[in-house]
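Colleague: So for the sequence shown, our numbering puts the first residue at 1; every next one is plus one.
Derived by calculation from the structure, the hints in this document are not laboratory data.
Among the clues, some could well be false.
As the list claims (entries may be wrong) - Computed cross-link-like contacts, DSSO-like style, restricted to lysine-lysine with a CA-CA straight-line distance of at most 30 Å:
| hint | residue 1 | residue 2 |
| --- | --- | --- |
| 1 | K66 | K4 |
| 2 | K7 | K66 |
| 3 | K7 | K65 |
| 4 | K66 | K52 |
| 5 | K65 | K52 |
It should be emphasised that the depicted structure is a prediction, and the values quoted were computed from it without experimental measurement.
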Amino acid sequence: MSEKDKKENQINVFLPPEIADGIYSNLAIISHSPDEFVIDFLSLVPGVSDAKVRSRIICTPQHAKKLLRALSDNIQRYENNFGEIIEHEHKMPNINTNFYGEA
Numbered sequence: 001m002s003e004k005d006k007k008e009n010q011i012n013v014f015l016p017p018e019i020a021d022g023i024y025s026n027l028a029i030i031s032h033s034p035d036e037f038v039i040d041f042l043s044l045v046p047g048v049s050d051a052k053v054r055s056r057i058i059c060t061p062q063h064a065k066k067l068l069r070a071l072s073d074n075i076q077r078y079e080n081n082f083g084e085i086i087e088h089e090h091k092m093p094n095i096n097t098n099f100y101g102e103a
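Put together the whole structure using the sequences plus the hints.
Modeller: Next up, the structure:
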């Protein structure tokens, strides 16, 4: 690939300051329709019965599959560098997905 082709295919990514710090999430709820996947990232505090949706990502099934592949690749590289990620055995809470709040 020539330098010209590389520059034409390059995407410059702008990261706004208010997004740069990120949002902590320790739980995700994933749902889908025939046309889209919805991934809700939540923050669940032990001993509190309400979990707050911190961010919602909506994408096409094709992008969801690409995300799965990218996560799998990154987890494999992480484990190659730092060792296996151990999943702690604990019971998942029953999650009521009847969302409430202002639309």
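Colleague: Does each hint fit the structure? Answer for all of them.
Modeller: To see whether the hints hold, each was checked on the structure:
{"no.": "1", "hint": "K66 / K4", "in the structure": "27 Å, holds"}
{"no.": "2", "hint": "K7 / K66", "in the structure": "23 Å, holds"}
{"no.": "3", "hint": "K7 / K65", "in the structure": "27 Å, holds"}
{"no.": "4", "hint": "K66 / K52", "in the structure": "27 Å, holds"}
{"no.": "5", "hint": "K65 / K52", "in the structure": "26 Å, holds"}
When the structure is compared with the earlier hints, no violation turns up for any of them.
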